[in-house]
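Turn these sequences into a full structure, and let the hints steer you where they fit.
In the working numbering, the protein residues as written are 1 to 549.
To be clear, the hints were calculated from the coordinates, so they are not data collected in a lab.
Check each hint, because a few of them may be wrong.
Stated by the list, open to error - Using 27 Å as the maximum straight-line C-alpha spacing, the simulated DSS-like pairs for lysine-lysine come out as follows: (1) 37 - 8; (2) 485 - 462; (3) 268 - 215; (4) 164 - 329; (5) 425 - 447; (6) 126 - 539; (7) 125 - 271; (8) 248 - 309; (9) 228 - 216; (10) 108 - 126; (11) 7 - 123; (12) 282 - 271; (13) 7 - 19; (14) 72 - 7; (15) 268 - 231; (16) 248 - 425; (17) 123 - 32.
Claimed, not checked - FRET-style restraints, in silico, Cβ to Cβ: (18) 368 - 494: 14 to 24 Å; (19) 288 - 371: 29 to 39 Å; (20) 329 - 222: 44 to 54 Å; (21) 191 - 329: 23 to 33 Å; (22) 57 - 481: 41 to 51 Å; (23) 278 - 36: 52 to 62 Å; (24) 511 - 486: 35 to 45 Å; (25) 511 - 1: 27 to 37 Å; (26) 513 - 54: 47 to 57 Å.
All C-beta atoms, glycine included, are put in the ideal place defined by N, C-alpha and C.
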Amino acid sequence: MIKTLIKKTIKGSIKKLQKEEKLPVFDLPEFKVEHPKEEKFGDYSCNISLILGNILKKSPQEIGEQIVEDLKESKERKVKLFRKVGVVKPGFINFYLSDEFLQSEAEKLATTQNDLWEFNIGKGKKAQVEFVSANPTGPLHLGHGRQAAIGDSLARVLALSGYKVTKEYYFNDEGQQMRNLTESVYARYRQLLGDKDFPLPERGYEGEYIRDIAKKIVEKEGDKFQKKIDKEHFKKYAEECLFALIKKTLKNMGVIHDIFYNESDLYKEGKVDALVKTLKEKCLAYNKDGALWLKLSKMGRKDDKVIVKASSDPTYRLPDIAYHIEKIKRGFDLIIDIFGSDHAEEYPDVLAVLKALGYDESKVKVIIHQFVTLKGGKKMSKRKGTFVTLDQIIDEVGGDVTRFLFLEKASGTHIELDLNLAKDKSEKNPVYYIQYAHARICSILRKTEDCSLDTFDEKLLKHKSELVLVKKILEFPEIIYDINKDFGIHRLCYYAYSLATCFSGFYRDCKVISGGKDLTQARLSLIILTKKVLALSLKLLGINAPEKM
RNA sequence: GCGCCCGUAGUUCAAUGGAUAGAACAUAUGGCUUCGGACCAUAAAGUUGGGGGUUCGACUCCCUCCGGGCGCACCA
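Below is the structure:
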């Protein structure tokens, strides 16, 4: 990667300058190489001399010039990576890539028979991404959609980065919520059979989908259960229906999980009991008022919390901890949890316990996304059935737009969705702009099917718009590295859009089919390369790359 | 009341402590005899919620106030 190369070169220069006693000896501080906002400042810029200026109490400008002077001798300079390197105003060192370098990189990428880039960030390690994880008590809502999009795309990026990735869905089909669901379905069932006043349980599920499930039971099995409820049967039926619904919704967004992990397995396999035993042995839990308390205050957290109630039922923290221990034991080196902000308070407890038990909690990365709310809408409640389902929005704007809608925003933003606006504006969604660029390339390619493209003269790619496009293509690996660092998948949306913009500029300025045969060949190679990078970006985002629109 | 998150153009959002805060949509104007006009070009639009502080440099870090979201159960 060019960034890393520049960093290395600068470090080398400084060491050399120190050896020659042109600079005093010091520990090299962190510094940055980034893309300047303005074109005139070059393709990359480095702030090292500003930082050193402060440390050495010397003019940054002067230090910068010293480094640049030395860089002139370096081998990167000699192989003509840069057209120009200079120091500007406050003391930034600016690097301008040479045309020769861009051309040769384009040639390398365009003629490779393999994948465009091979990332070895994950080094074959195991990664797990847990997301959605909704209990089967109703259809998925908008918040789940946000998780589904982020989790799935993150998993795709990690897989490209060289991890072996497992996409996991954790759920619980035991407990109060499910009993409530079962009884709600039964109530609707009885009502459908004529008992108009058969009451919904207190705090029962009021959503219309409950009636649909009951209707199915009536159609299939008639009044078989009118006298007496078969709880197990109703529960199982409701669960199956709802999971079918959930999986279908996820599939409409291009999301498929590898593993559905049921919380009850943790109990069946004795993992929860074992955890309780360990916690007691290590004096991390104690009895009080008939309940078992977790001594979080001794683990750097504020308040102790109950993990086993006086009724001897566990609270959700307990299996959650057991589950995360299992994740580590299953050999995952990178564990990503995607949770809504309602979990923001809880997960540090889980991490604290992992640490106290001697597990490497740094393997667990938690991404908290803020809630999706509706503009002018009522509060969304699953129990009351007053929420916008993910299906509704997918129906309105389609899977591609839905995914982009959730992916283009950093997970920390609060999304206030205006459903009408989203619908009205969906035709103008940026996702179509990216897809259009792809389709347009395909269209050009359809007209030139007989071209052979094993080789081409890369020196012919010298128009500014061609070189800008090449530069943008070379940025792709940087985006992947950045996402691996901070899991900000939205970067990829912005990248794909700007790549499409660079292609539009090229399309405007450079005719592909015209002029000489050699130029056509070179430009065809460039647009095929562009198409591959667009398609790859879209694939990672889980969005279709259509050949025609 | 306490804790976490958020507040950036009319709107939706970007901006690993860096240079004149950027895009899209909406608005205004112009561009098809030409590889796809779902496109392109130009313009207007900002006291980055307010006020302090740290720094060579703050949308970014710290303090405080205002506004919004989410938590604060022997619910999950």
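> Checking against the hints above, which ones are violated?
Replying inline: Numbers 2, 3, 5, 8, 10, 21, 22 - these are the hints that the structure violates, sorted from lowest upward.
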